[in-house]
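As a plain string of letters, each chain reads:
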Amino acid sequence: MDAPLPDQAGALVEQILEGAAGDVDALLAALEPELRGQVEEALVALRRLDGAFAPGGPGGDLQAGQELGEYRLVRLLGRGGMGTVWEAEQATLRRRVALKILDSGQVAQPQQLARFRREAEAGARLRHPHIVTVHAVGEEQGRHYIAQELVEGGRTLADELAELRQAGRLPAGYYRRAAERLADVARALAYAHEAGVVHRDVKPSNILVERDGRLRIGDFGLAMLVGDPALSRSGDIAGTPFYMSPEQVAGRRGAQGPSADVFSLGATMYEVLTLQRPFEGDSILEVLGKIRETEPRDPREIRERVPADLAVICLHALEKKPERRYPAISAFAEDLRRFLADQPITARPPGVLERAQRWARRHPVATVGGSIAAVAFAAVSFLLVQNALARKDAEAEASTAQNVTDFLEDLFRGVSPFETRGSRTLKEILDDGIRQIDQLDDEPRVQARLLGILAYAALDTADFARADELAQRCLLVAGTLGEEGDPARLRALSVLGQSQVHQGHLEEGVRFLREYYERTAAIAEAASPAVRSAATYLAAALMQLERSDEAEPLLRAALSPGGPELPQIGVRVTAQYWLGWIEFDRSHYVAAESLFRGALAGYQQLDGPDHVQVGGVLLALASVRSEQGDGAEAQSLCERAHAIYERELGPDDHRTIGALMELGNAFAVQGNHEQAAAAHRGAYDALSAKLSPTHPFALNAASNLVADYIKLERPADAAPLLDSLLEHGAEVFGADSMSYRMLRLKKGIVLGETGQLEEALRWLEELLADVERIEGPDHSLTVDTLCRLALYREETQDYAGAAELRERVLEIVRRRPGALHISTSDALRSLAHVRRLQGREEEAAALEAEAGSSP
Amino acid sequence: MSLADPGFHSRERTLDLVRQAQQQSPGADDALVRRMSGRVYGLILLHMGPEVRRRCDPEDVLQEVWGEALRSLSGFDTGRGTPFGAWLATLVRRTLARIADGRRLEEPESQLASPASSRALLAQVLADSVPASPSMELSRRETVERLVAAIGRLPGEQREVAVAYWLEECTAEDVAQRLGKTRTNIYVMITRIGKVLADALQDAGGSDPARW
Chain A
43 MDAPLPDQAG
53 ALVEQILEGA
63 AGDVDALLAA
73 LEPELRGQVE
83 EALVALRRLD
93 GAFAPGGPGG
103 DLQAGQELGE
113 YRLVRLLGRG
123 GMGTVWEAEQ
133 ATLRRRVALK
143 ILDSGQVAQP
153 QQLARFRREA
163 EAGARLRHPH
173 IVTVHAVGEE
183 QGRHYIAQEL
193 VEGGRTLADE
203 LAELRQAGRL
213 PAGYYRRAAE
223 RLADVARALA
233 YAHEAGVVHR
243 DVKPSNILVE
253 RDGRLRIGDF
263 GLAMLVGDPA
273 LSRSGDIAGT
283 PFYMSPEQVA
293 GRRGAQGPSA
303 DVFSLGATMY
313 EVLTLQRPFE
323 GDSILEVLGK
333 IRETEPRDPR
343 EIRERVPADL
353 AVICLHALEK
363 KPERRYPAIS
373 AFAEDLRRFL
383 ADQPITARPP
393 GVLERAQRWA
403 RRHPVATVGG
413 SIAAVAFAAV
423 SFLLVQNALA
433 RKDAEAEAST
443 AQNVTDFLED
453 LFRGVSPFET
463 RGSRTLKEIL
473 DDGIRQIDQL
483 DDEPRVQARL
493 LGILAYAALD
503 TADFARADEL
513 AQRCLLVAGT
523 LGEEGDPARL
533 RALSVLGQSQ
543 VHQGHLEEGV
553 RFLREYYERT
563 AAIAEAASPA
573 VRSAATYLAA
583 ALMQLERSDE
593 AEPLLRAALS
603 PGGPELPQIG
613 VRVTAQYWLG
623 WIEFDRSHYV
633 AAESLFRGAL
643 AGYQQLDGPD
653 HVQVGGVLLA
663 LASVRSEQGD
673 GAEAQSLCER
683 AHAIYERELG
693 PDDHRTIGAL
703 MELGNAFAVQ
713 GNHEQAAAAH
723 RGAYDALSAK
733 LSPTHPFALN
743 AASNLVADYI
753 KLERPADAAP
763 LLDSLLEHGA
773 EVFGADSMSY
783 RMLRLKKGIV
793 LGETGQLEEA
803 LRWLEELLAD
813 VERIEGPDHS
823 LTVDTLCRLA
833 LYREETQDYA
843 GAAELRERVL
853 EIVRRRPGAL
863 HISTSDALRS
873 LAHVRRLQGR
883 EEEAAALEAE
893 AGSSP
Chain B
324 MSLADPGFHS
334 RERTLDLVRQ
344 AQQQSPGADD
354 ALVRRMSGRV
364 YGLILLHMGP
374 EVRRRCDPED
384 VLQEVWGEAL
394 RSLSGFDTGR
404 GTPFGAWLAT
414 LVRRTLARIA
424 DGRRLEEPES
434 QLASPASSRA
444 LLAQVLADSV
454 PASPSMELSR
464 RETVERLVAA
474 IGRLPGEQRE
484 VAVAYWLEEC
494 TAEDVAQRLG
504 KTRTNIYVMI
514 TRIGKVLADA
524 LQDAGGSDPA
534 RW
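Protein chains in written order, with our numbering: chain A, 43 to 897; chain B, 324 to 535.
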């Protein structure tokens, strides 16, 4: 059978790059089209990569002074994703132009070439004072180029914003002038849209600044000609992430129309107003996630002098859903004009509850203010999620929704959800709310709904007793309503389940959460946020009961990309975290790492970088990196987690101590046993003091510490710990467990290393018999035990006995080459050593010669 | 250069520049720094833990590594077959270890060991070697950061291959020997990894300074 295509492609790439292919063009021409495509794609990819690491690689062979048709290159202006941009002189017209030259035309992929030509075609159709003019498009010496108007000065809006950031203050009249200039750009884009051209990559670095400060939009490099099916087919992500619209991020086909430019100009405007991008992150994925899921801060929270109307205009352009933005970019331009003419703008700020909802999404819910906002958010989202029921009785539902909303607005009046410190504490608000709810006996539907919401607020602030009480009352009232009571009942079940899990009553928590999940699944779509959320809560509780078989399908369903709805970020990160552990337990470390990294980014976004939850994920990641042998990164992750725990929970919390232990393991992986011992000693002492020296956690720490001492050749330090471990370990680890047999081996080593050789031999002989019986004759622990026995036999000058043991080791290693800690050559050398001690020089020499040629 | 030209990943070009720089040919050190800075920057990002990153900027480490490299360049033996990138990787690790140990970036003893004029020369070379504009510099840096992030996401062995081949400028033969595999195995891996990395570059849409 032929090798798979990628393997064939790899072998051909080898021939070509090693110069063994002869006529490469002929070789390529003779290949099947699919294979040829793969080889060509690989060669182009390799060239691009080489060029990316070494400026002056592809495309860098052009030089100032070189002629390309009627253009003479004057100086390099910049390098972009597709090629280089030169200032050039056009001989026939004696004018300076900007010449964009595609990287190495000879190797351009058809898709790249098509994009380049499309850019020229789109740009050439546009003539506008705020759009850079395209003069010509052509091909010379196998290089494709576009000649464009050269904007003197060559500064971009991005450069200007960078300078302003550096200066640290804004000039007088800045915002008004900004509105004028952005209105120009908006009008230019409106003109392009009318001509059927969507830019799709509006951003500060694509907006050039004339010497007089006027803005002109250039680089229609990603422009989509409306109606051109070629570009909308692939659904590829195109554009610069920071300014992309949510629909571009989602890669939704046919959804990247003119409204994408509205969003990107809104993002550009945001940066102009605040000097900050609306969506920032440490990685592209994080930025993309934020574009889709988080609301930008109000520009006035960043710079209070931003005019309110400009902030409203900007945020209106940045609405997540295209249909909620300006219907056309001309309307965006018109609102800017109205602002400049001191007329009322058309965009409206969001209502109170909508603002609360956004605020709650943006802020962690640990603060009192956050909890209040969360309550308001819960009220709104809960009513929306239950629309299945609302449809059955729309009028009654609308009335209930209104009553609930009114009640909450009254309750929270005077406590702004937009401030973290209100005049009342959440407890006072809840007490007040409960008193008022008691007066709603004649409206059980509203009462049930409110009890569920307030129970949720109590849970959110870890007031579990109050949460349980409110949720139970909610269940009672909901029970009187029959099916109508279901939304409130669901809320109560969710609260009770989560509360029980938080209090460590896992079985009870699972019972409530399973009912919550099953009831939710019965009334909502499988892919709806409500069902995904319920599945994740249940799965998280199951995982804590080590019932991963039941949890896994729920977690996978929660993360499933199918269906009309994507998982909410909180659901997603929780599901990622637990699924990460499932993959970890299967030794699928790459998958586990990817899930943990996703969870880490999510928790950081939700809870802030120093939240306890973040510490947990950092430790999970450290475990993965340790298993992958990257002790240095594991160490760094553990240090971060330990710092978070120590700061947030104090040095005595079991999580802080656990992080210290993991840190010790990370040092040990790197072979730094001194520091490993220090960390493990710290963890052991803390656990012994906090729990007891014989508690399983403390014994685990002791076991690690013993391993460190042995590596450090400090058997005397290891001995007392080891005795304690052997005394209590049988019960904790199980007398027949591998962990306990490892302890026995360590005891044998400690005895030997402290000079008690006879005792060590007796101890290890006993262990060997057990290990061979239980693990089998070829097990690595068998080999380790044999090696130690042989060593101590040598030390007691029982060379014949040592040789016999060394021969057994060699046999095993030959049967399992590469599978054990010891290599064939080491086994041969060890045997040679004994033979020499026995005076059998010739045999020793032959064994050493063999060792020299063995792996 | 076309598809038929195998010379685009040529260690020989680098070694040739090293020889010229050792003979103090005008502009050779400049060209060498230009050619290898992206790779060195990538190695720094790859090996720099967050703790070190908190304490110093990768660009400062880059400068430090080049300082050390140019000072000890005469000791690099171009005839031994060691890739120059691998030699630089050793300097990167050594520099980062020094920083991790809490020592300052500028080592007093190395300053004493090098004549004052060579530091001025170094400053000049580095200044001459930056790309034509700040946004080009940013573009180069972002590109390398993106690639290093993509390399970091690769599974263990693929990551090792990517680092050796692209960052340390080892040949496929070197990598094969290092990992105990055949050269063809390595080319098959390089072909696959190359696509992943090029996609990472492509997905980000390149980094356009867009100066028109």
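Source of the hints: derived by calculation from the structure; they are not laboratory data. It is possible that part of the hints are untrue.
Said to hold, decoys possible - EDC-like, lysine to aspartate or glutamate: derived pairs with alpha carbons at most 16 Å apart:
| # | chain 1 | residue 1 | chain 2 | residue 2 |
| --- | --- | --- | --- | --- |
| 1 | A | Lys363 | A | Glu337 |
| 2 | A | Lys362 | A | Glu337 |
| 3 | A | Lys753 | A | Asp695 |
| 4 | B | Lys518 | A | Asp695 |
| 5 | A | Lys753 | A | Asp694 |
| 6 | A | Lys732 | A | Glu773 |
| 7 | B | Lys518 | A | Asp49 |
| 8 | B | Lys504 | B | Asp522 |
| 9 | A | Lys362 | A | Asp384 |
| 10 | B | Lys504 | B | Glu480 |
| 11 | B | Lys518 | A | Glu82 |
| 12 | A | Lys732 | A | Asp695 |
| 13 | B | Lys518 | A | Glu795 |
| 14 | B | Lys504 | A | Asp49 |
| 15 | A | Lys362 | A | Asp340 |
Hints, one by one, checked against the model:
With a C-alpha separation of about 12 Å, the suggested pair Lys363(A) and Glu337(A) falls inside the 16 Å cut-off, and the hint holds. Among the hinted pairs, Lys362(A) with Glu337(A) is consistent with the structure: their alpha-carbon atoms are about 8 Å apart, no more than 16 Å. A distance of roughly 29 Å separates the Cα atoms of Lys753(A) and Asp695(A); the hinted pair therefore is violated under the 16 Å criterion. Of the supplied pair hints, the one linking Lys518(B) and Asp695(A) is violated, its CA atoms being roughly 47 Å apart against a limit of 16 Å.
For the given pair, Lys753(A) sits about 28 Å from Asp694(A) by alpha-carbon distance, which is inconsistent with the 16 Å threshold. With a CA separation close to 20 Å, the supplied pair Lys732(A) and Glu773(A) exceeds the 16 Å bound. At most 16 Å may separate the alpha-carbon atoms for a hinted pair to count; Lys518(B) and Asp49(A) meet this at roughly 13 Å. At most 16 Å may separate the alpha-carbon atoms for a hinted pair to count; Lys504(B) and Asp522(B) exceed this at roughly 26 Å.
For the suggested pair Lys362(A) and Asp384(A), the alpha carbons sit about 28 Å apart, so the restraint of at most 16 Å is broken. Annotation: proposed proximity of Lys504(B) to Glu480(B) holds, straight-line Cα distance about 11 Å (limit 16 Å). Under the criterion of a C-alpha separation no larger than 16 Å, the hint pairing Lys518(B) with Glu82(A) is consistent with the structure, at around 11 Å. For the hint pairing Lys732(A) with Asp695(A), the CA-to-CA distance comes to about 9 Å; that is within 16 Å, so the pair holds.
With a CA separation close to 54 Å, the supplied pair Lys518(B) and Glu795(A) exceeds the 16 Å bound. Straight-line distance between C-alpha atoms of Lys504(B) and Asp49(A) comes to about 15 Å, which keeps the hinted pair within the 16 Å bound. Straight-line distance between C-alpha atoms of Lys362(A) and Asp340(A) comes to about 15 Å, which keeps the hinted pair within the 16 Å bound.
Violated hints, listed in ascending order, are 3, 4, 5, 6, 8, 9 and 13; each of the other numbered hints is respected by the structure.
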